[in-house]
Amino acid sequence: MTPFTPSLRHRGRPRLRYLGALLLLGLLALLAACGNSNSSSGGTTTGSGSTCPSTKQLTGAGSTFDNPLFSKMFQEYPKVKCGINVNYQAVGSGAGINNLLQHIVDFGATDAPMTNDQLNKSTSGPILHIPITIGAVAISYNLSGVSQLKLTGPILAAIYEGKITTWDDPQIKAINSGLNLPHKNITVVHRSDGSGTTSIFTHYLSAVSPDWQSKVGAGTTVNWPTGVGAKGSSGVAGQVKNTDGAIGYVELSYVLANNIPYALLQNAAGKFVAPSLDSAKADAESFSNIPADLRFYIVNGSGDNAYPITGFSWVVVYQNQSNSDKGQALARLLWWMVHDGQQYAQTLNYVPLPDTIVSKDEAQIKAMRCGSSACYSGS
Amino acid sequence: MSQERVSLSKARQQWLGWQRILRIQRPGDLFFRGITLLFVLIVLGLVAGTAWILISNSLPTIRRFGFSFLTNKAFDPVHDVYGVLPAIFGTLMTSAFALIFAVPLGLGAAIFLVDFCPRPLRFVLAFLIDLLAAIPSVIYGLWGFLVLAPWLHNAGEPWLQQHLGFLPLFAGQPEGVGYLGAGIVLTMMILPLIISVSREVMLVTPIAQREALLALGATRWEVIRHAVLPFARVGILGGVILALGRALGETMAVTMIIGNQANEPSLSLFTPGYTLASVIANQFGEATPGLFLSAIIEAGLILFIITLITNILARWLIASLQRQAQGSRGGRP
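Line by line, the protein sequences are chains W and C. With the first letter of the first sequence counted as 1, position 258 gets the number 258 in UniProt numbering; the numbers rise by one all the way through. With the first letter of the second sequence counted as 1, position 156 gets the number 156 in UniProt numbering; the numbers rise by one all the way through.
Chain W on its own, in the form it takes in the complex (with noise of 0.2 Å):
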């Protein structure tokens, strides 16, 4: 019985398996550059007609959100004429913003528009936002046996600021009259990274509750004065899927991907709707005095079929782009994107551009400038 003899054979092997983990690290890292190569390489017809920019590929980052209804249109983009490869890396809104001033990438993509602050350390004038996609917030919630829950947006913003503690809220129970509401602890669930989903709902809130707005405000972060967080949208899905109780706001493609149980809002018309593609569509286009420079939240619109917590994705562009022959290849890839590429939205669960908007992103990309002449010089 040795049970205690330090064995030589022992000590060596871990050195082994270490080597072993390191041949394994490399060989991923090999796939995963195999893998980014062959995404960006991908297309193979170039447009042949004679008016056509020499340039060969564009690159953007930003909105994780778009980055699906992105890669479908990046995807499709260099069988058109004239098409031509687009590097898009969803970084996140905020990264996409930096890439964008740091002339890291030829278009960033934002959730929420970049405020005067951010438009103030362009180094190369002024910056175009062009709506690109439409999304809408759900507001998903966990109670067993209740469904076609109702809520208001005053009722949403009390209950993320802590004031509404229980399902069985007189509030909620005015609204709800069908409903069983238990008398249970209401868990709160935000996304914990930044988000333009967050933007879009905070915006809401802000729009629906002068006390919100006061107090806690509206952006892609806000200091939440109650609940738990969680990264992503699957993890808000997922945090709201495992407690009882729980309320949360997930993006409508994840939603309507995942069947994900969501509560009818009441919009400013006072009418209870429920999210979908059509009432966030009816939101954007009940706004008729939009600003000239798109930077707006279509939040809380007055349609009777409008869908209240939706918002734009933008793509935002140097209004004066220093290389004439990539400005005519990015002015021709937002004129596809906003025409043609919104075909993609709709089997992708995203809200299609209205002609109302489409006309008014169309006016922003002929303000592009090439030196001295506009970028856009028809298709």
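What the hints contain is simulated information worked out from the structure, not anything from laboratory work. Hints are supplied without guarantee of correctness; some may be wrong.
Below, in silico cross-link-like pairs of lysine-lysine (DSSO-like), each with a Cα-Cα straight-line distance of 27 Å or less [as the list claims (entries may be wrong)]:
| id | chain 1 | residue 1 | chain 2 | residue 2 |
| --- | --- | --- | --- | --- |
| 1 | W | 173 | W | 163 |
| 2 | W | 150 | W | 163 |
| 3 | W | 215 | C | 73 |
| 4 | W | 56 | W | 72 |
| 5 | W | 366 | W | 72 |
| 6 | C | 73 | W | 163 |
Chain C: place on chain W using the hints.
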């Protein structure tokens, strides 16, 4: 004459000394020395560069908020006011929790593996524990998020509250996610590290020392207490420090289960909280240039400083332990 010889030998000694320093007669050694020196300088440069980048990029918030950055609870990009008190508290709290549970557990497991475990089982167990250490942290996070948090919310935390609710540790509303969940996940993550390192250093305890004690009629426990642990404690402490480093900096798993809410520091383990690493992980993607980005980088700087302080303390502790050990050994006849 004798003086002359002394000075001659002194000069010779000096020459030999220089030779040793310069390695004149061995170009291979010189080359090797240069290369290794270069490697060390690269490491030093990396540390200095990291510190410089962290400091220079967090200057805007350091200038604006100064010390209040450490004591302010709100991390509020909307109003451009930043503070990381909850995150500092959460970082220390969860790491302390993990160490309190992982060190005795890990030591006990290591002692069993070294001294009591039947040989075939020891091989299997050691392998499994090493495997545990190799699991990526995101897997621990997923387990925490999908399995542990719901269980804590529905069963674990209500039970603790019912039976131990008089303690401030178990007050408040059970949320599932929070310090408790994060602490448990961290405990699990650092446990294999502590076991592996402790086992390795215990294995190299000189057999003569063990046998000497056994020959004196010591029990197994006395052998461990008087031969193994004194011999291994410096190494064990090293393992604990490695584990603490991992706990302080762990990002993904903690972010998934800590609740990410900047609450007032509270003793309640049920409180959803924040750690410095998860502030950075959560906010970096959407951080916009200016105070916001600077605040995140300063959070990184604070984490860097906390790690530095714990490492210095640990080195000091190890050094004093070693001195103590040498002193006591030297003192004996």
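Against the structure, the hints:
{"no.": "1", "hint": "W:173 / W:163", "in the structure": "holds, 15 Å"}
{"no.": "2", "hint": "W:150 / W:163", "in the structure": "holds, 18 Å"}
{"no.": "3", "hint": "W:215 / C:73", "in the structure": "holds, 15 Å"}
{"no.": "4", "hint": "W:56 / W:72", "in the structure": "holds, 19 Å"}
{"no.": "5", "hint": "W:366 / W:72", "in the structure": "holds, 25 Å"}
{"no.": "6", "hint": "C:73 / W:163", "in the structure": "holds, 20 Å"}
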